[in-house]
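S.K.: Residue numbers (the working numbering), protein chains in the order written: chain A, 12 to 345; chain B, 12 to 345; chain C, 12 to 345; chain D, 12 to 345.
Where hints are given, some of them may not hold.
Identical chains blur together in the list; that is why a pair holds if it fits in one copy or across any two.
Said to hold, decoys possible - Straight-line Cα separation of at most 25 Å, DMTMM-like style, residue types lysine to aspartate or glutamate; simulated pairs:
{"#": "1", "residue 1": "341", "residue 2": "327"}
{"#": "2", "residue 1": "225", "residue 2": "240"}
{"#": "3", "residue 1": "154", "residue 2": "62"}
{"#": "4", "residue 1": "95", "residue 2": "240"}
{"#": "5", "residue 1": "212", "residue 2": "312"}
{"#": "6", "residue 1": "129", "residue 2": "189"}
{"#": "7", "residue 1": "325", "residue 2": "270"}
{"#": "8", "residue 1": "81", "residue 2": "206"}
{"#": "9", "residue 1": "74", "residue 2": "270"}
{"#": "10", "residue 1": "341", "residue 2": "328"}
{"#": "11", "residue 1": "86", "residue 2": "100"}
{"#": "12", "residue 1": "341", "residue 2": "100"}
{"#": "13", "residue 1": "225", "residue 2": "62"}
{"#": "14", "residue 1": "86", "residue 2": "71"}
{"#": "15", "residue 1": "74", "residue 2": "62"}
{"#": "16", "residue 1": "86", "residue 2": "240"}
{"#": "17", "residue 1": "24", "residue 2": "127"}
{"#": "18", "residue 1": "74", "residue 2": "43"}
Derived from the structure by calculation, the hints contain no laboratory data.
4 protein chains.
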Amino acid sequence: MIVILKPGVSEDKRGQLMSWLEGQGLAVHVSEGQFQTVLGLVGDTTQVDMDLIASLGIVDSVKRVSDPFKRCNRKFHPDDTVVKVGDLEIGAGHFVMIAGPCSVESEEQIVGIARDVKAAGAHILRGGAFKPRTSPYDFQGLKATGLELLRIARQETGMPIVTEVMGTRDLPLFEDVDILQVGARNMQNFDLLKELGTWHKPILLKRGLANTLKELLMSAEYIMAGGNDQVILCERGIRTFDDYTRNTLDLAAIPMLRELTHLPIIVDPSHATGISRLVPPMALAGAAAGADGLMIEVHNDPMHALSDGAQSLKPEEYAVLAEKVRAVRKVVSA
Amino acid sequence: MIVILKPGVSEDKRGQLMSWLEGQGLAVHVSEGQFQTVLGLVGDTTQVDMDLIASLGIVDSVKRVSDPFKRCNRKFHPDDTVVKVGDLEIGAGHFVMIAGPCSVESEEQIVGIARDVKAAGAHILRGGAFKPRTSPYDFQGLKATGLELLRIARQETGMPIVTEVMGTRDLPLFEDVDILQVGARNMQNFDLLKELGTWHKPILLKRGLANTLKELLMSAEYIMAGGNDQVILCERGIRTFDDYTRNTLDLAAIPMLRELTHLPIIVDPSHATGISRLVPPMALAGAAAGADGLMIEVHNDPMHALSDGAQSLKPEEYAVLAEKVRAVRKVVSA
Amino acid sequence: MIVILKPGVSEDKRGQLMSWLEGQGLAVHVSEGQFQTVLGLVGDTTQVDMDLIASLGIVDSVKRVSDPFKRCNRKFHPDDTVVKVGDLEIGAGHFVMIAGPCSVESEEQIVGIARDVKAAGAHILRGGAFKPRTSPYDFQGLKATGLELLRIARQETGMPIVTEVMGTRDLPLFEDVDILQVGARNMQNFDLLKELGTWHKPILLKRGLANTLKELLMSAEYIMAGGNDQVILCERGIRTFDDYTRNTLDLAAIPMLRELTHLPIIVDPSHATGISRLVPPMALAGAAAGADGLMIEVHNDPMHALSDGAQSLKPEEYAVLAEKVRAVRKVVSA
Amino acid sequence: MIVILKPGVSEDKRGQLMSWLEGQGLAVHVSEGQFQTVLGLVGDTTQVDMDLIASLGIVDSVKRVSDPFKRCNRKFHPDDTVVKVGDLEIGAGHFVMIAGPCSVESEEQIVGIARDVKAAGAHILRGGAFKPRTSPYDFQGLKATGLELLRIARQETGMPIVTEVMGTRDLPLFEDVDILQVGARNMQNFDLLKELGTWHKPILLKRGLANTLKELLMSAEYIMAGGNDQVILCERGIRTFDDYTRNTLDLAAIPMLRELTHLPIIVDPSHATGISRLVPPMALAGAAAGADGLMIEVHNDPMHALSDGAQSLKPEEYAVLAEKVRAVRKVVSA
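Kindly produce the complete structure, drawing on both the sequences and the hints.
M.R.: Encoded structure:
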């Protein structure tokens, strides 16, 4: 950590600050420049309150030299993590197609869609049983019944399932779910993240609507700090000023996260755009940008979907898209 | 709800859309303009999927005419809500001063600060026992012990206490807390909001970092839909591009929310700025803008605080500020 | 335009508003719903001050039914515009590769790079002569000399040139430039836009850092309203909260703008990311998302570039990328 | 400037980087920590391309130690600047009230409003002659005629005038205007800023819609670098996600800028909110936060204003507000 002092600080005040820092077990190296003095702090600075130091009258600014994330940091773990779901591998070149409806609505619906997307090449079935909705008056999901229907669809098709968990209270119901999803609004629900850190299951962690990549990595770190290193990151669009699309898909996050972390990174173009017509171009763009997978909403009858019909592809549209995604993958990974 | 069709839509397609809408129990009024056709939907439109309609090829846009929030809406409840904590009243002209440290650290600390802020005119004691921190490696609060120390400070000073709850799991520990706080990162933790809707206690709901006023009101609605109408809204700064201050305090939210809702609205200038030197001017500005109260961090020894020392006032600074706040209140409410 | 009144507005006040609206030459249709009254305004509403009406005490909200942009609107001009530069066509399936250095530095530099990028398949040479820099102390470009060097490079290679104009004062120097670029910071420099509307040259209009697609289209409209309909839109990244990348490339803008307008849309992945390692994946993603072209910075010696070396590809890197871009184009346009 | 290397960089590569840096005239101090190596650069680093260094494969990050702004920096000019307009002083405790209509519409209108706001205590008359409008089809101002009417109002009332200039082309018309305003959309119109740097007149510089305080100061620096140090900064609201108000007034910018710069700082609550009902509370909040002045829109007949009627106060409302502002000023400056 580096502390830059304001010009003209007295020896006395500087001495006080240095004593206080040394009192916290740090070694302090002074470097005097022409215009300013810089203190370099050596030792365990993870417990040092950077904001507090920055707020002192004699301090110009404070800069952290090392990353605050450790376990998900590629610097300390150069090889790509491969997340395993049964025989299926995600990451390190293993590309995964996840598809299914926004909400599970009935056995017929979820089993039918599961068969369709599997035929189109999807590997994992998605479907919401517990639904986070902005309004308390909107459809909140079939809950335990929805999970039961997902299990039936898994049995019928052999596809592993991924579904969202909204809080610690319902966790016991998710014992045999293959991948647990943490939604964008819960990315910094630290109680939930800590609890998931004690599970031995892959976690699909979605980036929050206005969160930075560093914050996404810190949330992955919460899970990993508990001992669970099976984390998949998901870019699903961030909030910006435009109102033609629901969110803005930040595809540069893929190559950037690739440098920062060894975890797999997938893209959800459905929630990012909120408009089914925009899903195919953005899915292709995500594949071109180097994602490890795509999560796409598919519904057999979008006009009667109980949620997010606007952004759902029909099965036949998904099949055409999946074919093109494979062709793009072939070009970019050549 | 109003549906604006694209120019040149065939009678046939329009008829199909109208049948589908009528199939959902709505009456549809057609209004043909020179350049476009507008459909007015009458009936219970709360269950209509606006995004789905907007995504149809023949639709230009959809506009909701009525607010999605009901119970917190001033239209249906013109008088100000007064939240009561024992004899203390908040809202409808009753101004409340909340003060205390970011984190509860020891009995001596919390009791000492409680006495100091009470002497300066504060009505309610704040203090964090469960702390939401971006990093899993940061101090996470004293938890149950912290709550116990808050109870001691309450007993010693007679001040009611407000403290943050981070999830449903710990709720049983909060039985005798006077006001439960929902933090910014949990503003859309719907599981927690629903649970708090079943409690009979005031809830202090903080606006999320990148949330709109409408979303804040929808989260209040989640609590109120469960039967708990004792909700206090708190503006605590939103994320913007500047990096000199931690967040941007949106003070226009006060008069704007005043029009939209009957709930009390308070301001937290400490978290908004993150810098103690900026707290006094922003506290005064908050009072001038018409807030129903101020929540301010005070610490006897900011240099050794375990969290957020950078933004804490010393008790003597708080006393000077409180005096000025009362003077500004007198001017603006004259 | 639709005006939604608050509940319980008196006949009297409603009458006053209607008279005032009719006084502006509009017909007003009243539609009474169960909870609110809606006024539909018919006639030339382009001169109506929507904000003023929305601010009235009896009005709940106002919604514009028609788009404020006309000439660039696909509704009134369904076919794609093709911008022509000599024999070169841009738009309607004609894909254009623009490449060159951020700044023109010397004859040797610009001619050398021009030859290299032409060999790699680029069609148009870019290079900055007048440079908008955040700091007055940064390199401001070679100005008239830079334009002269661009002309030499054009003569040597036969490539048309595109370069940025920063204000009306320097416009006479740009007489024989092939495409004039308006930078992101000048997207709403209306004096400049109006002046360019009187020219008969293609204008490459970059989206501002925090501007919406509607604002981008309104700026195109400024140019087109003057009679110049040769406008190329350019997505170059918008400002968001993340600080690992310089800006966030909004690729969904491509398919979204495609629906809204008939103008060609290109992508600049160099300024969007600010990091040369991220340029290839984002260029491929831009092609996959359906852009009409790519503008990419190429420098023979990025380590000694006078500006933006960080984001420049070397010529050999550009050649590899160009090849892949063509392959992705083949897949997605199949 | 400080360069932090990635872990495990070879001696060889580090040596190459150091040679390259030394080749630019800098001294390089190496400091080896347990986990990383830090290079401290001493000398004139203003010309060093920080982004380029940050983009190198062996570099983790680069941090600038000194501020990029000099002339407006309080570090190098500790005393408050006082801007003088005739006998009137702005800054260093001299509070200024600026008022008038958004647009100049007629002699009767501007002279009438000028008299009204003067009677209420305003010191300077504002009024737009050249209007930046998002749409080319909106009213663009009376231009030269508008300036002439402002001169008449000045003669009639003795009030100095402030009005917006939109580009260099019209500058000759502004010879005898007292204060030239640069609008938010032109904050980074560097051609205009440079030209204004050569004038000897006060410039009122508005913060851009999505610009940081550092960028605002860099734009002030552009003007001051040309020799004109009479710059007044104006906070007028920034773009955020909420859509109930037009922009978000960032009042913490006042005390923050106060520390960073010696220039006067005023607030425009009219454009920030866009709603006249919100102007009084935000004006009072601005005064409470320590602004050096307030610029407020006043119109005798907002319902018939040619622009921004929605946000204009009536003269009698302004008089009541002005009185309260003075009372708040008395409290906070006590």
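S.K.: Does each hint hold? Answer for all of them.
M.R.: These are the hints, each one checked on the structure:
1. 341 with 327: both (22 Å within a copy, 22 Å between copies)
2. 225 with 240: So residue 225 and residue 240 pass the 25 Å test inside one copy only (17 Å; across, 37 Å).
3. 154 with 62: So residue 154 and residue 62 pass the 25 Å test across copies only (23 Å; inside, 42 Å).
4. 95 with 240: within (11 Å within a copy, 46 Å between copies)
5. 212 with 312: neither (32 Å within a copy, 44 Å between copies)
6. 129 with 189: within (16 Å within a copy, 51 Å between copies)
7. 325 with 270: Cα proximity of residue 325 and residue 270: across copies only (21 Å, versus 35 Å in one copy).
8. 81 with 206: within (19 Å within a copy, 35 Å between copies)
9. 74 with 270: Both: 21 Å inside a copy, 20 Å across copies.
10. 341 with 328: Cα proximity of residue 341 and residue 328: in one copy and across copies (20 Å, 20 Å).
11. 86 with 100: Intra 23 Å, inter 47 Å, cutoff 25 Å: intra-copy only.
12. 341 with 100: within (18 Å within a copy, 29 Å between copies)
13. 225 with 62: both (17 Å within a copy, 19 Å between copies)
14. 86 with 71: This pair counts as between: shortest inter-copy Cα distance 10 Å, intra-copy 30 Å.
15. 74 with 62: Answer is both; intra-copy 10 Å and inter-copy 17 Å each pass.
16. 86 with 240: within (16 Å within a copy, 48 Å between copies)
17. 24 with 127: Neither, since 71 Å and 28 Å both go past 25 Å.
18. 74 with 43: both (17 Å within a copy, 16 Å between copies)
In this structure, the earlier hints numbered 5, 17 are contradicted, and the remaining ones agree with it.
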